[in-house]
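One-letter residues, chain by chain:
2 protein chains.
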Amino acid sequence: MKKNEISILGAGLIGSLLSIYLKKRGLDVTIYEKRADNRKTFYKEEGRSINMALSDRGWKALEKIGLKEKVMPLAIPMYGRKVHDEHGNTTFIPYGKDNQAIYSISRGNFNRILIDEAEKVGVKLEFSHKCEDVNLQKSSIKFLNGESKQEVESEVIIGSDGAYSSLRMAMQKQVRFNYLQEYISHGYKELTIPATANGEFAMDPNALHIWPRGKFMLIALPNPDKSFTCTLFLPFEGTKVCFDKINDKKDIEGVFRTYFDDAFQLMPNLVNEFQNNPTSALINIECYPWVQNKALLIGDASHAMVPFYGQGMNCGFEDVFILDSLIDKLGTNVWDLVFAKFQKIRKPDTDAICQLALENFVEMRDSVADPKFMLRKKIEAKLHDLYPKDWIPLYTMVTFSNMPYSEALAQGKLQEKIMDRIMSNPLITQNWDKLDYEDIIDQLDAAKAV
Amino acid sequence: MKKNEISILGAGLIGSLLSIYLKKRGLDVTIYEKRADNRKTFYKEEGRSINMALSDRGWKALEKIGLKEKVMPLAIPMYGRKVHDEHGNTTFIPYGKDNQAIYSISRGNFNRILIDEAEKVGVKLEFSHKCEDVNLQKSSIKFLNGESKQEVESEVIIGSDGAYSSLRMAMQKQVRFNYLQEYISHGYKELTIPATANGEFAMDPNALHIWPRGKFMLIALPNPDKSFTCTLFLPFEGTKVCFDKINDKKDIEGVFRTYFDDAFQLMPNLVNEFQNNPTSALINIECYPWVQNKALLIGDASHAMVPFYGQGMNCGFEDVFILDSLIDKLGTNVWDLVFAKFQKIRKPDTDAICQLALENFVEMRDSVADPKFMLRKKIEAKLHDLYPKDWIPLYTMVTFSNMPYSEALAQGKLQEKIMDRIMSNPLITQNWDKLDYEDIIDQLDAAKAV
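Chains X and R supply the protein sequences, listed in that same order. Each residue of the first sequence is one higher than the last, beginning at 1 in full-length UniProt numbering. Each residue of the second sequence is one higher than the last, beginning at 1 in full-length UniProt numbering.
Excised from the complex, chain X in its bound form (with noise of 0.2 Å):
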């Protein structure tokens, strides 16, 4: 039998980047992917999001393999959200300080970069690979190439292979195996705001465009070629504005007149595109242990969100950066003590950010059209400026820092709690700049030595 050193499932963009920082430090590094090796058009097989965020920890991990400069072109800063309201008239909300920006770039383009990446530092590569079998006590893994099978040893299988990862499934028969899948109420559908007819970007490309519609939303993301990848999420049954409810094409144009209208304007396929795309559902997966014996899980297939922090690809990153700070402290002659100190530092981490991604889609589709929102918003900048290592607002925290999500998360709850209090204040409106800020980060340090 064939015997890997490292055999990787899953040539996504987790795992074509952490092929790379293990093949760099001169290990034998082999990825089986179960797609053909058409490596720009992944996604669409999968009927994936074609759009991601790309944010300071998916950077920092690209950075220290020296990946950074090579993605900065094909991704387009977005300072700050565009609230879109029914009338058309929009309010934009910055993310963060004036610099800081999340980066909307192609799944697509940017797998592919990641693959040739690892082609080229020497990664082997074998697609039209499909993982039939892992057998953890020997650590290997049955594949079916085509019509023919085969059976691969590895010291070590790391489970790269996304929310229905196949090293989960056979984790998953363990004894103690914990494990949670749930799908949320809402479905989405990718729609396309093309260029104009010059050639021009139809909105401002520098803003990710939001419609909050309460328990409903439409968003969109800029593209390099001055298209929009919109996303629409709706309930997949159940209320007014659902999918089960929308079916012809007067049903489409309906909605999106009465809802989107000046988005509607803007999106000449729409019906075609509407009826011919998939609607995907919104998965959350949780599961612990993430190692048996010599395997680990990475990434979505440990710890798959929703994707309204635009975290996923960014954490599953940081995923890699963080097992690999572990490897140049501990070695790589010691997996087990790697894996084993990999999975109980970043379990909580990722249980953080996976709840903060439920959390937020009720921000994104709703607390945003509130004024109240937008001010607290405010205020919750306005205390940064004046303190800023005190007062770091949750989605800077989250978004613009490396601190451990877990932390984030917790101190992000104070916070809240104190603003809470403070926008209870019927007279918050006029009185905001007036408030004692020195006050509220009293309030807050005496909320943390509890």
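Keep in mind the hints are simulated off the structure, nothing from the lab. A quick note: this is a predicted structure, and the numbers were derived from the prediction, not measured. Heads up, some of the hints might be wrong.
A pair holds if it fits inside one copy or across any two, identical chains being indistinguishable in the list.
[Claimed, not checked] 30 Å max Cα-Cα, derived DSBU-like pairs, lysine-lysine: (1) Lys329 x Lys389; (2) Lys245 x Lys294; (3) Lys173 x Lys130; (4) Lys34 x Lys149; (5) Lys347 x Lys240; (6) Lys68 x Lys347; (7) Lys341 x Lys240; (8) Lys34 x Lys142; (9) Lys173 x Lys344; (10) Lys189 x Lys138; (11) Lys149 x Lys138; (12) Lys344 x Lys245; (13) Lys245 x Lys70; (14) Lys377 x Lys215; (15) Lys341 x Lys2; (16) Lys173 x Lys215; (17) Lys34 x Lys138; (18) Lys149 x Lys173.
Based on the hints, put chain R in the right spot on chain X.
Relative to chain X, chain R alone:
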């Protein structure tokens, strides 16, 4: 391809009972069971618990199909808990009123009776048929029978194939299937108190014996052969007394002498059993939907629970009873409708009993050792005596009634709050007899009205 009307996966307690119900309606019913036809020793292959506690919901389902008389001789009534302290002193806490009991019954004999009965009424039994895969769209099942493979189509597939259900595994790969499997931190090991030298029970047979020790416990249930099956529940790891830290004869005897000395004196084979019997894990499973196309999950396959309320089997039998009532109402031509209604009605109740089972572990291993707990039970018993319809202790609602579990849980929580308040009175031990019981009922009515 062979085509069945109804295929049931699993010839365990639930599958066997269900098959009898359906066959008696004149339906064509086939059970597929992965184990060979060693009916009486099924449980041994699985490392599953030997004793069950049969209570009202279970009896009701047996009675409707005329099996109560047949099962009764196998069952030993237990009228309450006999709590053993560290010094061997015991206290009896009745489960309900005088004649109310739960019944100890051994899984092996019980399962054999049900399978025999299924065979008698004409259910087709296919043993040694391992379900390899279920195609939910085609409603077909692939079996492995020894070396030979077989595929069977069915109008209806019902998975009563337990906590590690093959049908559920197929459903789990479908989009929008929500699934949770969680192991608790404790495991268990089965041990024996044999009959005495002169062939008698070594302890009172009409009680469930408990040695509650805070974070861990021992229990014992009587068997018809005058032995007791003991189950030791310990944390797997991490604390002073846990499976991880008990390795040799000295450790085993040390723990038993220290914490369970009166039981230890009755366990001549302790060390041998401890070392040879497996340490098993305890799982809680929740999922939804239970129906995909023409396939339905039932019993542990859809809601495996920890054993601490003694309701796993009873709940599964009640599943069968309720499914049958729906068929009574709707007929056998509308399985879609029957299954859809079944899962909708039943899911809140199985969620409730899963939760209660998890919560009751703390009561069994810890609270029952507290004199305040016994007083609380006494006050509740008196309330129930005085106002039998208004105040029904939670244990009674769950065990000695057919009230939906979710209602029992809800009313139980209201009663718990009121009892917490009553018990917080520092003089309660002296004054409990002089409480204003009518006022307590008024409080409950007020709480219900909210």
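Results of checking the hints against the structure:
1. Lys329 x Lys389: within (29 Å within a copy, 67 Å between copies)
2. Lys245 x Lys294: between (48 Å within a copy, 24 Å between copies)
3. Lys173 x Lys130: both (19 Å within a copy, 16 Å between copies)
4. Lys34 x Lys149: Both: 13 Å inside a chain and 27 Å across chains, each within 30 Å.
5. Lys347 x Lys240: So Lys347 and Lys240 pass the 30 Å test across copies only (25 Å; inside, 39 Å).
6. Lys68 x Lys347: within (27 Å within a copy, 50 Å between copies)
7. Lys341 x Lys240: between (48 Å within a copy, 23 Å between copies)
8. Lys34 x Lys142: Answer is both: 12 Å inside a copy and 25 Å across each meet the 30 Å cutoff.
9. Lys173 x Lys344: Both ways: Lys173 and Lys344 sit 21 Å apart in one copy and 28 Å across, limit 30 Å.
10. Lys189 x Lys138: Only across copies: Lys189 and Lys138 sit 28 Å apart there, 42 Å inside one copy, limit 30 Å.
11. Lys149 x Lys138: So Lys149 and Lys138 pass the 30 Å test inside a copy (17 Å) and across (26 Å) alike.
12. Lys344 x Lys245: For Lys344 and Lys245, only the inter-copy Cα distance (22 Å) is at most 30 Å; the intra-copy one is 45 Å.
13. Lys245 x Lys70: neither (45 Å within a copy, 53 Å between copies)
14. Lys377 x Lys215: For Lys377 and Lys215, the Cα distance is within 30 Å only inside one copy (21 Å; across copies 46 Å).
15. Lys341 x Lys2: Within one copy only: 29 Å inside, 52 Å across.
16. Lys173 x Lys215: between (37 Å within a copy, 28 Å between copies)
17. Lys34 x Lys138: The answer is both: 22 Å in one copy and 25 Å across copies each meet 30 Å.
18. Lys149 x Lys173: Both, since 23 Å and 23 Å are each at most 30 Å.
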